[in-house]
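Participant: As a plain string of letters, each chain reads:
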Amino acid sequence: MDFISLALIAIRGVSTVLHNPALGGGSSASSRNVSNLLLIFSDLLEEGDEAYEEMKEFAETVAAMAAEGRSPTREERQFLRARRAAAHERYQAAKERILNPQEEPTVLDEQALETLIATLEDIPEEDRTDEENEELAGAQAELEALRNPE
Amino acid sequence: MNPKRNLIRLHFLLIAVLALQACGAANAVKRAETIEQKAYAAEGTYTIWSEKGIELIERGNLPDNISLRLIQVEEQATPVVDSLSDSLEEFELVKDEFEAGTTGEERLIIASNSLNSWIERALPLITRLKAAVKGAQ
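Chains A and B, in that order, are what the protein sequence lines are. So the first sequence is numbered by my numbering: it starts at 1 and just counts up by one. So the second sequence is numbered by my numbering: it starts at 1001 and just counts up by one.
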């Protein structure tokens, strides 16, 4: 195990302690903030370590290129471009997720659907709103689909 | 003094030492010799930091405002780095033509100056992205 891996374990350990009053940590907002900050730091350190290793490897490739007196090939350049384009798409997807968070649709199990149907059926038909009727029909269809998946 | 605070300070110090260690080496641009190698090194350095940045965001531990800041830096820098890449492509074409004797030196100088200016434009943006990733920090 290298030094950075040990440091990561140590930082995450401190973060866990700070977060948990049962382990002697605080329950105050500042304790939780420091704990969250340490978690972020440990992620960054881990990414930084990976980035450092990757940068070192890449720098060696460039140094070898310089020693051979050659230019980057078309394939090498296209590979970088493709990686950058893929990363850009992921950034855009992350932006979309942050700016327009979507609620996960609630998935009900069979029992929950039966309860929902029973509750809605208890309401006299003439008193049910359109929305309730729609919800009832939806729940019945969902239950049917659950029982007969084919 | 509060032992918990001392422990935290020790860890921050440790992180700072490791960050300094990481900064000192692995500079691809410095190891490049020709203009094409420098352009490629700048492009590669940016690509690596860009990937690290998005991996960090996707882990989901960063506050939204910091993620959005990283996204903004990437949105500003990527078109410049793509243009650097285009300019490198153009330079390689002109260089091949020059070596084949089908174009004059003047065109090669223009392509070289253009590539150089894109490298100059891209480098501060790469530093900015790197700072945003480390400093999201």
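In short, the hints are calculated from the structure, not lab data. These numbers were taken from a predicted model, which means no experiment stands behind them. It is possible that some hints are incorrect.
Label pairs and their computed distance ranges (CB to CB) [what the hints assert, rightly or not]:
id, chain 1, residue 1, chain 2, residue 2, range
1, A, 101, B, 1106, 33 to 43 Å
2, A, 125, B, 1061, 30 to 40 Å
3, B, 1101, A, 57, 37 to 47 Å
4, A, 132, B, 1083, 54 to 64 Å
5, B, 1060, A, 140, 29 to 39 Å
6, B, 1061, A, 57, 24 to 34 Å
7, A, 69, B, 1110, 17 to 27 Å
8, B, 1027, A, 109, 53 to 63 Å
9, A, 138, B, 1086, 49 to 59 Å
10, B, 1110, A, 101, 30 to 40 Å
Built from N, CA and C at the ideal position, the CB exists for glycine as well.
Participant: For every hint, state whether the structure bears it out.
Facilitator: Outcome of the hint check:
Distance hint for residue 101 of chain A and residue 1106 of chain B: a CB-CB separation of about 55 Å, inconsistent with the stated range 33 to 43 Å. With their beta carbons about 51 Å apart, residue 125 of chain A and residue 1061 of chain B fall outside the hinted range of 30 to 40 Å. Our hint of 37 to 47 Å for residue 1101 of chain B and residue 57 of chain A holds, since their Cβ atoms are close to 38 Å apart. Taking the beta carbon of each, residue 132 of chain A and residue 1083 of chain B are about 58 Å apart, inside 54 to 64 Å as hinted.
Between residue 1060 of chain B and residue 140 of chain A the CB atoms are about 37 Å apart, so this pair conforms to the stated range of 29 to 39 Å. For the hinted restraint 24 to 34 Å between residue 1061 of chain B and residue 57 of chain A, the CB-CB distance of approximately 26 Å keeps it satisfied. For the hinted restraint 17 to 27 Å between residue 69 of chain A and residue 1110 of chain B, the CB-CB distance of approximately 24 Å keeps it satisfied. Separated by about 56 Å at the C-beta atoms, residue 1027 of chain B and residue 109 of chain A satisfy the suggested range of 53 to 63 Å.
Taking the beta carbon of each, residue 138 of chain A and residue 1086 of chain B are about 52 Å apart, inside 49 to 59 Å as hinted. Distance hint check: the CB atoms of residue 1110 of chain B and residue 101 of chain A are about 49 Å apart, inconsistent with the given range 30 to 40 Å.
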